[in-house]
Amino acid sequence: MAGLPRRILKETQRLMQEPVPGISAIPDDNNARYFHVVIKGPSESPYHSGLFELELFLPEEYPMSAPKVRFMTKIYHPNIDKLGRICLDILKDKWSPALQIRTVLLSIQALLSAPNPDDPLDNNVADLWKCNEQQAIETAKDWTRKYAMAKNNNIQ
Amino acid sequence: MSDEEMTYSSRHIEQLLQCSICLDRFKTPKLLPCQHTYCQSPCLEQLVNPRTRMIRCPECRADHLVPRGGTGSYPNNITIMGFMDLPRLAQGVESVATTTHRDEGGIMPTKKVDKPTDSGSSGMMSSVCCSAGYNDDFSGGSSYEAPIVVAPPPPRTTCSGCFRNSRLSACNHCQQQLCEACCRQHMEQVKVEIERMIYRIKRALPKISSAIDDIGYKGNQSQQKCQNAKTEITDIFERHLRDFEARQRFLMAEVDAFLFAELENLRIQQENLEVELASMASFCDSSESAIGHGSRLTDTELMQLHEQCQENSDTMQSFEGSQIRRAGLRQIDVKAENQLLTDAIAAFGEVEIIGRPISAHINNRTDGQRSYESRLASRLVDLARPERSLYQSRPTSRNIDTDYALSVIGNQSPLAVSPASQRRQTYLSSRDQHLSADAADLYDSRSGRNTGGAVSRVPRRRPRREHHSDTRIAGIMGGDDTAYSRYRRRSLGGALSPPREADDLDDEESPLPLTRGQTFSRDPLQISPRNPRRPIRYDIAFDNGSSTESLDDDNSSTSRLRPNPYPNTNNRTQTQTQSQTQPQNQNNSRSNRGNVEPRNKYNQKGRAIIRFGSRGNGQHEFTWPRGVAVSPIDDTIYVADSSNHRVQVFDNTGRFLRSFGSYGTNEGEFDCLAGITVNTLGQVIVSDRYNHRIQVFDHNCSCITSFGEEGSAEGQLNYPWGIACDNMGFIYVCDKENNRIQVFQSNGNFVRGFGEMGSRDGEFDNPQYVAVSPDNKIYISDSSNHRIQVFSMYGDFLFSFGSSGTQNGQLKYPRGVAIDSQGFVAVSDSGNNRVQIFRPDGTYYSMFGSWGNENGQFKALEGLAILANGNIVVSDRENHRIQIF
Chain A
1 MAGLPRRILK ETQRLMQEPV PGISAIPDDN NARYFHVVIK GPSESPYHSG LFELELFLPE
61 EYPMSAPKVR FMTKIYHPNI DKLGRICLDI LKDKWSPALQ IRTVLLSIQA LLSAPNPDDP
121 LDNNVADLWK CNEQQAIETA KDWTRKYAMA KNNNIQ
Chain B
1 MSDEEMTYSS RHIEQLLQCS ICLDRFKTPK LLPCQHTYCQ SPCLEQLVNP RTRMIRCPEC
61 RADHLVPRGG TGSYPNNITI MGFMDLPRLA QGVESVATTT HRDEGGIMPT KKVDKPTDSG
121 SSGMMSSVCC SAGYNDDFSG GSSYEAPIVV APPPPRTTCS GCFRNSRLSA CNHCQQQLCE
181 ACCRQHMEQV KVEIERMIYR IKRALPKISS AIDDIGYKGN QSQQKCQNAK TEITDIFERH
241 LRDFEARQRF LMAEVDAFLF AELENLRIQQ ENLEVELASM ASFCDSSESA IGHGSRLTDT
301 ELMQLHEQCQ ENSDTMQSFE GSQIRRAGLR QIDVKAENQL LTDAIAAFGE VEIIGRPISA
361 HINNRTDGQR SYESRLASRL VDLARPERSL YQSRPTSRNI DTDYALSVIG NQSPLAVSPA
421 SQRRQTYLSS RDQHLSADAA DLYDSRSGRN TGGAVSRVPR RRPRREHHSD TRIAGIMGGD
481 DTAYSRYRRR SLGGALSPPR EADDLDDEES PLPLTRGQTF SRDPLQISPR NPRRPIRYDI
541 AFDNGSSTES LDDDNSSTSR LRPNPYPNTN NRTQTQTQSQ TQPQNQNNSR SNRGNVEPRN
601 KYNQKGRAII RFGSRGNGQH EFTWPRGVAV SPIDDTIYVA DSSNHRVQVF DNTGRFLRSF
661 GSYGTNEGEF DCLAGITVNT LGQVIVSDRY NHRIQVFDHN CSCITSFGEE GSAEGQLNYP
721 WGIACDNMGF IYVCDKENNR IQVFQSNGNF VRGFGEMGSR DGEFDNPQYV AVSPDNKIYI
781 SDSSNHRIQV FSMYGDFLFS FGSSGTQNGQ LKYPRGVAID SQGFVAVSDS GNNRVQIFRP
841 DGTYYSMFGS WGNENGQFKA LEGLAILANG NIVVSDRENH RIQIF
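Top line first, the protein sequences correspond to chains A and B. Sequential numbering from 1 applies to the first sequence in the UniProt record's numbering. Sequential numbering from 1 applies to the second sequence in the UniProt record's numbering.
Mixed in with the good hints, there may be bad ones.
Dumping the calculated DSBU-like pairs for lysine-lysine here, alpha-carbon to alpha-carbon at most 35 Å [as the list claims (entries may be wrong)]: (1) B/Lys27 - A/Lys94; (2) A/Lys130 - A/Lys82; (3) A/Lys68 - B/Lys27; (4) A/Lys10 - A/Lys68; (5) A/Lys92 - B/Lys27; (6) A/Lys92 - A/Lys10; (7) A/Lys10 - B/Lys27.
Just so you know, the hints here were simulated from the structure itself, not pulled from any lab data.
With these hints in hand, go ahead and build the complete structure from the sequences.
Structure representation (structure tokens):
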């Protein structure tokens, strides 16, 4: 790796200096392209008060290609599969070099607020979300309690 | 600007100078066709898709073909470069600023979902997978900055000419910031432009000078024409003066003849008396001498003498008592109808100006005013646009080109009315009138003219608008005490002989001292007697309606005699005529006094000038037309074609323009609509009778709003009928079956209602039509009470007029009401099949119409409306037609 691009440095610097509320992104000590991310579940969503761990990796081509992001914490969400992969357009074909780590994480946070069962990644979850939203939300809350609150102490 | 603001703006500039890909200061900023700017290398280079040779803009995702020369062929963003040339201020601070306050930039999402928020915690992001926005903000809302895409453009700090020099000064001409060199250049350009404009102006100058020449020419022409006119006037007046003088000589001669005859008569009488005297004296002498020598006389002779003495003595006794006194009765009266002559002279002649007036006018005048003023003003030359004249159809583009003729009309035969002059509108300025009046005074001292004695008042029906048109000769006859120079002469009395003209000598007590004509005039005289000192009165109606005067003897600026129904009078009918005309005149003048005459000639209406419509549902066909309305905007006529459930629109000559509406209950549909009105915005408001609602249409005939429903609560309607709007847009609805009036705002909000069933003041029995006067009084045809009630706009009862009957001023089931700009009220008196016109105070003015289906006849009248030109549009329901009067 021929040194870190200036852009990544700048982004990292700013993320540290002005963290986005409800989001923390800390570069790995060994790899400046690897970030440990924690997103707070948005209020007024089933994920409220849960803390979701993610990993974010900036590939070599960044910013010409999208960062790789994955949920580490289990989450019940129609657009997030069992492995934590996220269905989000800006992480795929709609990526633009004008986007940044910060904006990507904000988009993921927003995705938690507004699940989109019409464009699912996990069909089981999406089906339940569509035919019985109430139960799906309950399940999501349940999962949040079960998986997203246990490691409370790790992040704050 | 304070320092803080300065740093703020420079920070903004720094943000704008940051490439959103490398987040660094631009290096060779290149402008994409979508107007977004990036560094050429490496940012743009990396963006190129090597397979398709395309670049997708990171900000807006627009695809651009990379030019042949590569990304370097994209134009440099000169503005950005100019900014980058600025000296960076406060380097140390700035570096922090650029790092801490740098905006990430971002993508404009394909769907517009991003919106700035204070906190990222609120769910505001785009929907998943199909689009994603970004939220760009800072922690704790410490300082929010707008994304680049919406950031306001910074103030210009380089020269807008060369983008380099930073020593700027504002250009006075176009407010641009320019450096000195560019400013000089710029000023040169301005000079060139000025020169070009001057050249253009110079080239246009001949237009004005030719116009001036034209005006001069017109002026000469006008002078010439006026000179001719003056000559003509002089000729006419000299001729009349000659006539007048001849008449004077004639009358003088008559007086002389009278004097001669009288003297001759007296001389004969004197001679007779002298003979008588002599014979009596000689008789006395001879008798005395005979008695002195009494002895010679026989008894018989004595008795004879005694008898003679007795006889002579009786003769002498009877002679003195009667003959001398009666002879003294002979008198001479000079009678001249000065007033009539004065009037005639004042009204004599006419200066008629034919042609398009050359003047600028305010457009919104009535025809009468317009032509009146334009005639006066046509002596002026004006460059302004000409006004459309009713009296001339010749179209002219520029009124400099227009010509006008001046003709003087002085009738040779004063009593003949030329048909042409009936059509003419004649106007004299009041100054002219005064002039003629003065002239008339001058001529008053002369006694008359030889037009065959005298013509008494000429009570002839004068044609409309003809008040100055022809010469009016007033006779020198008729009046007695009104005569200026009345004098009497007693004939020289004292003749002994019995008067030969005793028959002609009337007693002083004669009720009609009309001796002169019978005595001296060879011509048959027409005499119009008047009671002494009774004022002669004329009702004057100026055609322009601007003023009205009723004339007394001492007030003589006549213009137009009111049509007099009484034909020319002669001696036999004089008394009768007098008794009829005087009250008539007095009545007229009384009702006239203090009242404005309508400028619409209501009293001359009666024959429809336009009629159209028959039963049917095509164009120009109606099935029971009810309300009519006239648009105040363009004078179009809206007819509520009730049983065709539509509105038909015509222009003011009756040409079909369009129709709208059909049967139904939806918006824009009607069920037997009745009332219709047009407000000052041109919106058409229709009372949709069987749907119990009001609908408002815009000028494109599409329904804007509808309001009202069946019921009797406020804002509810029960068979709404007539409808009207005041000039503030309030809508007045005759809520017929609820026997009340409701007032709505133009958007349909209920304002107030007034009235209830009854026949007292302020109560209604089938109020059917409503109209609003120019002074915002509400006139309501209270149909089954056979009256019109008038309210203030707040619903306070003011007065009412009309009662059941067929007389003038009485009504039977009045329906449509319309009010002209002067406040005259036209009422369709449906039960009497006529239209009545009332003055604003409710007094009767005139009427026209009768039952039938001919011109000017009606069968069941409904609404009416008044056009801008004063014509009355009448809905003739059972004839299924519209008539315009």
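Results of checking the hints against the structure:
For the given pair, B/Lys27 sits about 26 Å from A/Lys94 by alpha-carbon distance, which is consistent with the 35 Å threshold. Note on A/Lys130 and A/Lys82: the hinted pairing holds, with a Cα-Cα distance of about 18 Å set against a maximum of 35 Å. The hinted pair formed by A/Lys68 and B/Lys27 meets the criterion: a straight-line CA distance of about 29 Å does not exceed 35 Å. Only pairs whose Cα atoms come within 35 Å are accepted, and A/Lys10 paired with A/Lys68 is accepted, the gap being roughly 19 Å.
With a CA separation close to 29 Å, the supplied pair A/Lys92 and B/Lys27 stays within the 35 Å bound. Among the hinted pairs, A/Lys92 with A/Lys10 is consistent with the structure: their alpha-carbon atoms are about 23 Å apart, no more than 35 Å. Restraint check: the Cα-Cα separation between A/Lys10 and B/Lys27 comes to about 17 Å, which is no more than 35 Å; the hinted pair holds.
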